[in-house]
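Visitor: Here's the letter readout for the chains.
There are 2 protein chains.
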Amino acid sequence: MVKVGFIGLGLMGKPMARNILKKGFSLAVYNRSRAPVEELASMGAAPCSSPAEVAQRSEVLITMLPDEPQVAEVLTGVFEGMRSGLVLVDMSTVSPMFSRQMAAAARSRGGDMLDAPVSGSTMAAEQGNLTIMVGGSRKTFEETLPVLQAMGKNIFYMGESGAGSFAKLCNQIAVAVNLLGVCEMLLLASKAGLNLSQVVEVVSTGAGGSWQLANLGPRMISRDFNPGFKVKHLRKDLRIIREISEKLGLPLQAVALVSELIKALDEKGHGEEGTQALIKLVETLASHQISNA
Amino acid sequence: MVKVGFIGLGLMGKPMARNILKKGFSLAVYNRSRAPVEELASMGAAPCSSPAEVAQRSEVLITMLPDEPQVAEVLTGVFEGMRSGLVLVDMSTVSPMFSRQMAAAARSRGGDMLDAPVSGSTMAAEQGNLTIMVGGSRKTFEETLPVLQAMGKNIFYMGESGAGSFAKLCNQIAVAVNLLGVCEMLLLASKAGLNLSQVVEVVSTGAGGSWQLANLGPRMISRDFNPGFKVKHLRKDLRIIREISEKLGLPLQAVALVSELIKALDEKGHGEEGTQALIKLVETLASHQISNA
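Chains as they are written, first to last, in this note's numbering: chain B, -14 to 278; chain W, -14 to 278.
Only chain B is shown next, with the shape it has when bound in the complex (with noise of 0.2 Å):
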């Protein structure tokens, strides 16, 4: 069985670095703050004291990072340990331009990329049942095909580097929009005095239905805005989005709305919490906090 390396043991990285381990791989960790390292290595992962640790100890390394600084940065270690053959799986959110660029650098050094984002909670996390959306060669994807099922369900091969990301970017307009729309639904609902739970239930089996409204609707209801996606990664996936829709020529106006309702959410203080906290900045708008009638 393929040696395994991850690095980024975050809210989504850690339980999908313990589903390789308990998928049976050897695995071996890396993460800046300990506290994770220490609780895979209890499970078995073999603890690292730097990226190109994990690099020597690999023939499949898995990025799991906030941002392309983060990814720049520990790719910079990883390529100072890194052999001939070495694949590189970065499965943080970024742009394709930057997936591109880390897949030739990976590629001049005798090794393979692909961008493999993913969409899903860290229930899904958890579970075992993330989508990931795969870009670079198709063979490179094949062969690392088994330890990518140790984490998702739903895998696709959705073209050459960098068509990972833009899958990925794609799916994000689709959740920031909706999640957008979940907001402005909720709060009618609650001004009308309708059974905010009960609209959640009926929207849900007909036309206005999605995930975003069967998953976070019911949080925002109980004002529990513990992170499952955090409003300051969603910020920074809009932010990408937009510098690519910029480039493309593409005017994205819902895009351009909800990434700057995000953006004063994270700035008054709500970064750490779950993107269900919109409904916060949507009742501010309106003066008007929803209730469950």
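Hint data in this document are derived by calculation from the structure and do not stem from the laboratory. All figures in this text were calculated on a predicted structure; none of them were measured in a lab. Glycine residues also receive a C-beta, built at the ideal position from the N, C-alpha and C atoms. Be a bit skeptical, because a hint or two may be false.
Rough simulated footprint, nothing fancy, chain B against chain W, three-plus residues with beta-carbon under 8 Å [to be verified]:
(1) 180 to 191
(2) 234 to 246
(3) 265 to 277
Following the hints, position chain W against chain B.
Guide: Frame of chain B; chain W shown alone:
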């Protein structure tokens, strides 16, 4: 079995009336244009020449009409032929205030009225599994339930008069905002050179999934603009939502954006097409027509 009347045999009304007949109810029908009346008559319905005649022959009278003026006009006729105890069921999408006015008028004439708008496509109407959101007296709702069950699968009692209409407007917020999200997502995906059908499949499995994406995304890609739900009707629903949000003092930014775009689409002559035609406007703004790589 209760005697049923049906006025408004359009894209949705005709299959709904057909399902009532199929369940064995006697049915009296009226429509401004005669072709659907003849069609229902050939299946066993009693053709009527006026709303008043339908009222005389019914215990439960359903209206399924485009907008408030048509409902008001039809109900004027209905009130002429109305006997005490007649239950009106308006399944049109109208404002909650209008629903309450009409219900009060029906009650003052010894009858009752439910607002019971539906969600779902023409296919759901044909298959009898519409979502139905009902406002009015709970007793009248329970008495009328067998008739509603001939048309819908998910039937919800939402509260007093107007609550059904409010719930439907909430539903339309989710419908319209998600629809715009699908358009912007497909635009970026197309510019990125991704396979659009695959993007719809991928995003549908994860946190960006929605009814709008799964059902209208494929039609946008195949350029099928046949109406399941017409642009002109969504425009009307959004107008009502904006009037209500103005009255209630609610700033609904995503609703404002999508309603301006739907209005522009209608003004460009696409009112009779399905709402998936919104992609055309988004394409025009971006000077890029989506295509399936």
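Visitor: Give a verdict on every hint.
Guide: Outcome of the hint check:
no.: 1; hint: 180 to 191; result: holds (count 8)
no.: 2; hint: 234 to 246; result: holds (count 10)
no.: 3; hint: 265 to 277; result: holds (count 4)
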